[in-house]
Amino acid sequence: MSPLEPSPPVDHGRVVRRHKAGLSWVWFFPALALAVSAWFFWKDYQSLGPEITVTLDEAPGITAGKTPLIYRGVEAGTVHSVRLDTALDRVVVGVRLKEFARGLATENTDFWVERPVITLAELTGLESIITGNSMRASNPGGNPCFTFRGLAEAPLLPLQPGSFTIRLRGLDVPFLNRGTPVYHRGVNVGYVREKKLTAEGAPLLELLIEPAHRDVLRTTSRFWPQPATSLTVGQHGFNLRIEGVDALVQGAICFDHFDNEGVPASNDSILPIVADEFTARCSGSTATITFESGRGIVPGRTPVCHLGVPVGVVESVSTDSASGLATVSVRLLPAQNGLLREGSVFTLVRPRISLEGVSNLDTLITGSYIEVEPSAANVAASEFSGRTVAGEEWEALQAERHGVPFQLHAENLPSLDKGAPVFHKGLVVGSITRKTLDSAGRPCLEGVIRPSFRGALTQSARFWRVPATSIKAGPGYLRMDVNGVQSLLQGGVAFENMGPPKPVAPSGSRFPLQDNHRLAQAVSEPVNIRFLNGRGLRAGETELRYLGVPVGVVEAVETSQGRVCVKARFNEGYDFLRQEGSIFSLVRPNISLQGVTGLETLISGVYIECTPGSSHRTAAWFEGRSTLDAEEILQSGLTIKLTSRSTPINVGASIFYRGIGVGRVTAKSLSPDGREIVLTVIIEKRYRHLVRENSRFWNASGIKASLGVVKFRIQTESIMAPDGRISFSTPENTGPVANEDSAFELFAEPRPEWLKWNPSIPIDQ
Amino acid sequence: MSDELRLRIAWALTLSGAVLYFPANTIPVMTISLPGKIEPLTVMGGVMELYRSGLPPVAAIVFLASVAVPALKVLALLWLLSRHGSGVLVRRRISVHAFLVRIGTWAMIDLFLLSILAAVGQLGVLAGVQAEPGALFFGAMILCVLYAAEVYKPHMVWQDLDTYEPA
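Chains as they are written, first to last, in my numbering: chain A, 2 to 766; chain B, 28 to 194.
Any given hint could turn out to be false.
To be verified - Computed, partial: chain B to chain A, Cβ under 7 Å:
1) R35
2) A39
3) P50
4) N52
Honestly, the hints are just simulated from the structure, not real lab data.
Where a beta carbon is used, it is the ideal one built from N, C-alpha and C, also for glycine.
Working from the sequences, and respecting the hints, build out all of it.
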């Protein structure tokens, strides 16, 4: 083919636009998108059930559009609106139910807000902490309904068909609460559903018993609360009881019919709840007892004991204003009904703490109880009159009934009370039963001696008060007496039979009560002693001593005619001291720089030293002397008088001869004309010859100092004698021996020549 | 692939995107579980959540990328496709298309965020993030719009210029 040959037309073909009938495959995408979206929305719409509104008091944590409504753990709807009602006192929650939950829109359904409840006794709604609060529904049923009143809190146990409720009524139901488990012989058979007050104000518990266990509930069942943890403290130590972990915090309710099979209890019946298991067991006979005072009786707690074993319990206590008595209603164990017989004695035993001691100590811990003593009578009774005495008093009453009564009288009866013990040789042989005034208006104690010690009390018995605690001290001893715990604070009464044996005292004898043992021992006839000064003398205390041994006691100290009159008695066997001529001298402490005498009297108090006379006649009146007199008596020295215009010398000052004490000033007085001071001086018998009629006396008291050219001298002759000193000197040419009561002048200073006198005077033996 | 087919696919994908846009924005894309609350979140809800928790810039980015941009893209695509072959505003259309392609991937930020959150945010009882059906719709919508912009080639715009250049 030549190149010039026009090329045949090239068939390029032709673009034919094919308009295919039908849709292109690309439209599958929008169609699919549309279909899926539509299906999704349609499905969503399909799942929507009816809309309900729930009115709640509050709706914490409820959010529109988010909070689910949960029924049996399944999301059955969603809250779609939350608003307040017009009065602002309710929350109106709109809930869109799901279609499958349409059945929840029925009138019996309970709705509430589930939120965590964390208390010691209850721990619920824990998942709300994770998932947030939610609406809950339960217990649907009934006709369709779309508005509901929500519950304030979650119903503890949704009532299921066939559940069984029991109501309990009691005086108080302290720790029992919603959810407290109910046990029958250790098996959990239900829960407390509600705790409320009745219209009368009595607490009422509503129990929910599981249907499977309803048969164990009898009309005779008795309920009692079981504290979670109980601590029993008694004489046998203490017992801590924890009833399992379940009941650890909230406790439990137990019930039992104690083999008293009644008929099965009906639904919703009302049964009693009592304080404890023992009370629950006490389902026997009841009795009423009247007491003077109901103090210490606690209904539901105070037990009735027989021979110390609890056999019943107090159910109630009431007071009767008309009779002024407390009426106690008790209920016994069924097996102990026989105790309620005519004449049975009921005694309220209470702790007694008094100054005399503590009795019925166990009741301090266990509380008061009522002791019953059944009588032998065979007639049943239900009303009794009880006694209100503690055991100690009861013993005292028993002793009073069988013992030997006696009376004690005294001027006053300090700090002795009913029940004080009576001691004899350290044994308690009786007790004081009454403190009263006798017909003459004197205080009087009535007591009894126990029958077994009857022989101890003879007609010669002398009674004295035993001080609670006494401390005695004297030179070389210190003694503390505590007469047993019982008398520790109050003391008691003791007696001893003095003198020759006498017959046993008859019932009802009267005895004087002495203040102390010494007085009781001093049984002689009284002696009366006159003293110039009664300083330190104490009735009932001051002793009379013979050769240092206590032999009697001062019974009374009185003053008469300007002198002190002491009435004293001697102990048995010291009657010879009452002989005429006996000397009684008062020994007091005397402390001076010169010496100390009667030091023991600092502690023991003054005493009267007795020196028996030689006469065989007894006397009733004696002249007493003071200590200084006593020295004088013993020395029987020479009495002289010194006169001076004025002198610092006092009674007790010593007389010195050449520095040796030879006598003492015993009195300082004015001369009859009042111009001079007269010192009465006694010179010891063995030195009396030194005093001559021409002797010179001078005051040697004080400190004398003279300052010389070469020497310094202080004359301290008398620093040891605060009362002063007197010296005397006798000239070489000794005069005749001075007579009794001769008078000398007392010079203020010695003359120098007097000091040089140095006569030779033989001492007369 | 012919231009005609491309045009048709672009139309189909754009319409699909437009349809899917509604469920994607109304159905929750994820559920955040925190102690005390379980919160299903839509895309817009997530934006609000971010804004409320004090992150307005992030909220703005997510809003732009997840809500505004897809809507804008759908609208822009619809406009582009409806103007196809008309020869008007060719330069404007080319620049819009370029913008569409460039911005396209940003819309995936939400899904990216969700995938990270769902993978990392599993802290047992303390917190949890779960993807919801909305995420599927959202992802599908993004993909549709993305490919619609990709399939519609820029030369299909300037071919108009050849055809209808005024003489």
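> Any CB of chain A closer than 7 Å to the CB of N52(B)?
Replying inline: Because about 11 Å separates N52(B) from the closest Cβ in chain A, which is outside the 7 Å limit, the hint is violated.
> Given R35(B) as an interface hint, is the shortest Cβ-Cβ distance to chain A below 7 Å?
Replying inline: 5 Å, holds
>> Using the nearest Cβ pair, does P50(B) come within less than 7 Å of chain A?
In response: Status holds, d = 5 Å.
>> Using the nearest Cβ pair, does A39(B) come within less than 7 Å of chain A?
In response: OK, holds: A39(B) within 7 Å of chain A, min 4 Å.
Violation of the numbered hints given earlier is confined to hint 4; every other hint is satisfied by the structure.
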